[in-house]
Amino acid sequence: MKYNIIDGVKYTKKHEWARLEGSIAVVGLSDYAQDKLGEIVFVELPDVGTEVEAGKGSAVIESVKAVADLYAPVDGTVTEVNEDLLDQPELINSDPYGEGWVYKVEVKDESQFDELMDVPAYEKFVVEEDEE
Amino acid sequence: MSEAKKTPFYEKHVALEGKIVDYSGWLLPVQYQKGLVEEVHDTRNRAVIFDVSHMGEVSVEGKDAEEFLQKILVNDISRLKDNAIIYSPVCYPDGGVVDDILIYRINEENFFLVVNAANTDKDYAWFEENVFGDVKLQNLSPEYAQIALQGPNSEAILQQLTDTPLGEMKNYHFLPSVNIAGVDCIVSRTGYTGEDGFEVYCKNQGASKLWDAVWEAGQKHELSPAGLGARDVLRLEAAMPLYGHELSKELTPLQARLDRFVALDKTVNFNGQAALKKQREEGMNRMLYGLEMLERGVPREGYPVKVGDQEIGWVSSGSKSPTLDKFIAMAFLDPVIADQSQELELVIRNRSYRARITKLPFYRRKKK
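Residue numbers (this note's numbering), protein chains in the order written: chain P, 1 to 132; chain L, 133 to 500.
So here's chain L without its partners, still in its complex pose (with noise of 0.2 Å):
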C-alpha cells in the first residue's frame, strides 16, 4: 500500500491536536481533544467542522452526459434541475452495490459527482468502463478539498463569509460558485450527519484560508472540530448508510431498504435494473432493520443475531448513541422471522444479550 495522504488540513488537527489514524490512505483525525461524545453533542447542538477532503469528486460533461448517467445509476435524474442533487446507488448488473454517490446537476451536460473516498479509484474506473458517446470524464479528487460544516449553528457561521443568502439554500441543493471569504467555493445543503448544515469544496490552493475563516466565524458560534469516530457514530444514528457496512457487492440497494432511491421503472436500462426488478418480485433472506440493545451491550459490526437457537443476520453498524443515551445497530435480518420476534438476541462474545427492533432512523432532527 502507497504511504498515507494528507489532506490539505493536515496542519490544522494536528495544531488543534487531533488524533491522526490512517483511514482509506488518508491521515485524518479521528477525533479531537473533546473526544467523540461531546463532538456528537456539539454536532447536534451547536455545529462542528470535519475534513472530508478523502471523499473523491469526479465531473461528468458532454452531451450524453445524462444518459450516461441514466445508465450507471439506479435513481433517476431526469427531473433533476440545475442546482439540485440526488443520491443514488451505483449497481453493478448482478445489482450489487459499486458505491452510493451525490449528483450535483450544474447543468444539463455537466454534472459533479461526488463519491466514497475508498471507493474513488474503483468508480472511476467503472464509469470509464460503462462510458459512451459524448461523455468527458475527469477524476477532480485530488485538486479538491472539503469541509462539512453541520449542526443547528452553521448557517449563522456561513453567512458570516459571504454575500449569497444561505437561507434561501434549500436541503440537497447547492451553488456552484460561491465566495466564501475570497475562495471560489461549491457550497450544497448537504451532510452525513442528520443535522442541518453545509459541504464546502473548494481548490487545495484555497483550502488553508478558507479553514481558516470558517474557524474564526466560528468562534462566536461555538465551532468545534470533530473527527471521523463522530462522523460515524453521527450517520449511524441518521441512519444512513455507509459502504462496505450497510452496502457492498454483496448487498443490493434494496436489501438496504433504499428503495425511494431506486428507480425501478426507469424508462431507460440501467445497470442492476433487472436483478433488482428480479429481486423486489422474489423478495429477500435477508434486510436492513433498527435494532435497540434491551441491556447494556455494545453490538458492533458482524455480530451475528439470533432468535432462539437460529442465526438469522448480522450486525452491520453499532454503537452507544450518545444523542439517545442507547445502544443501537443496524442489522441485516431474515425478514419472515424478524417481523414476528418481539426480541431477538444479539451475540457478543459468545454471550446473548437481547435487543429489539425498532423503527429507523433513530434519530431524526426537528425541523424549524
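Chain P on its own, in the form it takes in the complex (with noise of 0.2 Å):
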C-alpha cells in the first residue's frame, strides 16, 4: 500500500477520517486525498460554533490545481479548528492525522461512527478506487 492508512481513526469514502476523543471528533483529510490533491495551499475552516452535518461540506481544501470539499465525517458542533493550517496548509500534507488535523467536533450521535471505514475496509476501498 503505497498510502498510509492508520489504525485508531475511521475513514469516508470521501477520504476524511475521524477519531473519537470522549465526545470530540478529530477531523482530518486522509493520506490518500492529500497525495491526490497535492500541495496544499489554502484551507477555508469553518468557525466555531458551526452545526456539520454527516456528508456534508464543512472545510475547503486548496491545491494548486484543485478546490476540494472537506466534507464533515458526522453530525455535530465544531469546538476547535486547527488555525496553524491558515498560514501552514502544507501541513497536510506533511502529517494528515497528526498535525494537518482540521477541526473538532462535539458528536451528536457516536452510532454514526459504526457506518465509517475502518482499516481493512478503507484499504480495500482505496485500491478500487485507485485502480479506476
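There's no promise every hint is true.
Claimed, not checked - Okay, derived cross-link-like pairs now, BS3-like style, lysine-lysine, Cα gap no bigger than 27 Å in a straight line: (1) L:K151 - P:K13; (2) L:K341 - L:K352; (3) P:K124 - L:K166; (4) P:K124 - P:K2; (5) L:K398 - L:K409; (6) L:K166 - P:K13; (7) L:K498 - L:K458; (8) L:K151 - P:K14; (9) L:K213 - P:K36; (10) L:K341 - P:K36; (11) P:K2 - P:K13; (12) P:K2 - L:K151; (13) P:K36 - L:K458; (14) P:K36 - P:K14; (15) L:K144 - P:K36; (16) L:K195 - L:K352; (17) L:K151 - P:K36; (18) P:K2 - L:K195; (19) L:K213 - L:K398; (20) P:K36 - L:K137; (21) P:K2 - L:K166.
Unchecked claim - Simulated restraints on C-beta separations: (22) L:E135 - P:E110: 47 to 53 Å; (23) P:P120 - L:E149: 24 to 30 Å; (24) P:E80 - L:R432: 24 to 30 Å; (25) P:N4 - L:Q292: 39 to 45 Å; (26) P:D109 - L:R432: 31 to 37 Å; (27) P:K14 - L:N401: 44 to 50 Å.
As the list claims (entries may be wrong) - Residues from chain L that keep clear of chain P, each with C-beta distances beyond 12 Å, as calculated: (28) G265; (29) D364; (30) T399.
Quick caveat, the hints were computed from the structure, so don't treat them as lab data. Where is the CB? At the ideal position from N, CA and C, for every residue including glycine.
Since each chain comes alone in its own frame, lean on the hints to assemble the complex.
Written as C-alpha cells, this is what we have:
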C-alpha cells in the first residue's frame, strides 16, 4: 500500500478521517486524499460553533490545481479549528493524521462512527478507487 | 464527443507514471510523480520536457499566402523574415478572437502555423472560409508530434543531439529541418513558460526516437517531465494569455493588452480592423490587469472582483505562484475604477479577500 492508512481512526468514502476522543471527534483528510490533491496551499476553516452535518461540506481544502470540499464525517458542533493550517496548510501534506488535523466536533450521535470504514475496509476502498 | 486521442508519447507518460487526464480530447499528463509545484521549479531552474503534440499545425502555401495571412491576422507579417516567427491573434470582424497563433515563415510562399489544440478544427474552417487566390491550406496536425523543452538547461541538452549550432538561434526564430538524433525536425526557440527553450516538431513516426534521445541527453542536466498543470501555472506567471481565459470570441486582443501584436495601421485591410480601431478610440469597459492577493486565498477563473460594493470584473486565470510564493491572478476589470483603486476585493465563496493591482508579467526571467 503506497498510502499511509492508520489505525485508531475511521474513514469516509470521501477520504476524510475521524478519531473519537471522548465525545469529541478530530477530523482530517486521509493520506490518500492529500496525495491526490498535491501541495495544499489554502484551507478555509469553519467557525467554531458551526453545526456540521455528515456528508455535507464543512471546510475547503485547495491545492494549486484543485478545490476540494472536506465533508463532515459525522454530525456535530465545531469546538476547535486548527489555526496552524491558515499559515501552514501544507501540514496536511506532511502530517495528515497529526499536525494536519482540520477541526474538532462535539459528536451528536456516536453510532454514526459504525457507518465509517475501518482500516481493512478503507484499504480495499482505496485500492478499488485507485484502479479506476 | 469522440474518444480521447493518444499522442505518440502516451506510452512515455504512462511509463513515467504521469497522471493522465482528458484535455480538449487528448489524453495528456496533468502532472508526474514530483507534482506540479516541483515541475514549475524544475522549469525555472533546470529543464523539463512537455508533450505538446495536441497543438495544431497548419501549412499555408502559394503565391497569395502572405496576402491571405495579412487578411486574417491582426499582426503585420510584411516584415517577417524567413526562419522568423511572429505571434498574432486571429479575429472575427467584430474584433472577438478566433484564436491566437504562431506564424513560422519558411519562405514568402510557405508558412507554418501553430494553433491551439481545442481550436484546430474551428481555425481550419475559418481559414477555409476566408481563403482566396493561390493558397493551399493543409491541416498537418494529425501528422505532427511536438515536444517543448523548456528551462535554462534546454540548449545544453538539445545541442548534444545535433550539429546545428543552437546558440546562434535567436528567440522567435526557427530552422525548418534540423537533424535531432537522426530525426528530421522543425526546431524553434519558443515556448509558453517564460523560460528559454525550444519547441521541436517531427512527424509521428520519429516521435518515440526523438523523445528517447532528448530524455537520455537530459539525464546529466537534470531533465524532468512536466505536465499540463505546471504549464498553465508557468504561463500565468509569465502573463501569457490562454485562449478561453484571456482571449475569446467575447474578448478582443486590445482588452487583453496585446496592442503590440495588433497592427491597427496595417496598410491592408484585415478581419477585425474597423472594430478594433473603433474600440481603441472609444475605450473599453473591461481590460486585463495583474492582481496579487494581500491575504491568503486562491484566486480562480470566474471569481468576481469588487471595489466596495461594486463588482468591477472577473478573474480570468489565477493560482498560487510557486516561483514567487504569492497568490496571483489575471483579471478583466473596469479600467476607470481599477486605475484609481489602491485595493480591491476578490470574492471567493462569498467572502472577500484583499488584493491589489500589480505589474504584468508577474515573472520575467533574468537575461544572461
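Taking the hints in turn, this is what the structure says about them:
{"no.": "1", "hint": "L:K151 - P:K13", "result": "holds (21 Å)"}
{"no.": "2", "hint": "L:K341 - L:K352", "result": "holds (19 Å)"}
{"no.": "3", "hint": "P:K124 - L:K166", "result": "holds (26 Å)"}
{"no.": "4", "hint": "P:K124 - P:K2", "result": "holds (13 Å)"}
{"no.": "5", "hint": "L:K398 - L:K409", "result": "holds (11 Å)"}
{"no.": "6", "hint": "L:K166 - P:K13", "result": "holds (26 Å)"}
{"no.": "7", "hint": "L:K498 - L:K458", "result": "holds (19 Å)"}
{"no.": "8", "hint": "L:K151 - P:K14", "result": "holds (20 Å)"}
{"no.": "9", "hint": "L:K213 - P:K36", "result": "violated (48 Å)"}
{"no.": "10", "hint": "L:K341 - P:K36", "result": "violated (32 Å)"}
{"no.": "11", "hint": "P:K2 - P:K13", "result": "holds (18 Å)"}
{"no.": "12", "hint": "P:K2 - L:K151", "result": "holds (16 Å)"}
{"no.": "13", "hint": "P:K36 - L:K458", "result": "holds (22 Å)"}
{"no.": "14", "hint": "P:K36 - P:K14", "result": "holds (12 Å)"}
{"no.": "15", "hint": "L:K144 - P:K36", "result": "holds (21 Å)"}
{"no.": "16", "hint": "L:K195 - L:K352", "result": "violated (47 Å)"}
{"no.": "17", "hint": "L:K151 - P:K36", "result": "holds (10 Å)"}
{"no.": "18", "hint": "P:K2 - L:K195", "result": "violated (61 Å)"}
{"no.": "19", "hint": "L:K213 - L:K398", "result": "holds (17 Å)"}
{"no.": "20", "hint": "P:K36 - L:K137", "result": "holds (24 Å)"}
{"no.": "21", "hint": "P:K2 - L:K166", "result": "holds (15 Å)"}
{"no.": "22", "hint": "L:E135 - P:E110: 47 to 53 Å", "result": "holds (48 Å)"}
{"no.": "23", "hint": "P:P120 - L:E149: 24 to 30 Å", "result": "holds (27 Å)"}
{"no.": "24", "hint": "P:E80 - L:R432: 24 to 30 Å", "result": "holds (29 Å)"}
{"no.": "25", "hint": "P:N4 - L:Q292: 39 to 45 Å", "result": "holds (41 Å)"}
{"no.": "26", "hint": "P:D109 - L:R432: 31 to 37 Å", "result": "holds (36 Å)"}
{"no.": "27", "hint": "P:K14 - L:N401: 44 to 50 Å", "result": "violated (57 Å)"}
{"no.": "28", "hint": "G265", "result": "holds (46 Å)"}
{"no.": "29", "hint": "D364", "result": "violated (8 Å)"}
{"no.": "30", "hint": "T399", "result": "holds (46 Å)"}
The structure shown violates the earlier hints numbered 9, 10, 16, 18, 27, 29.
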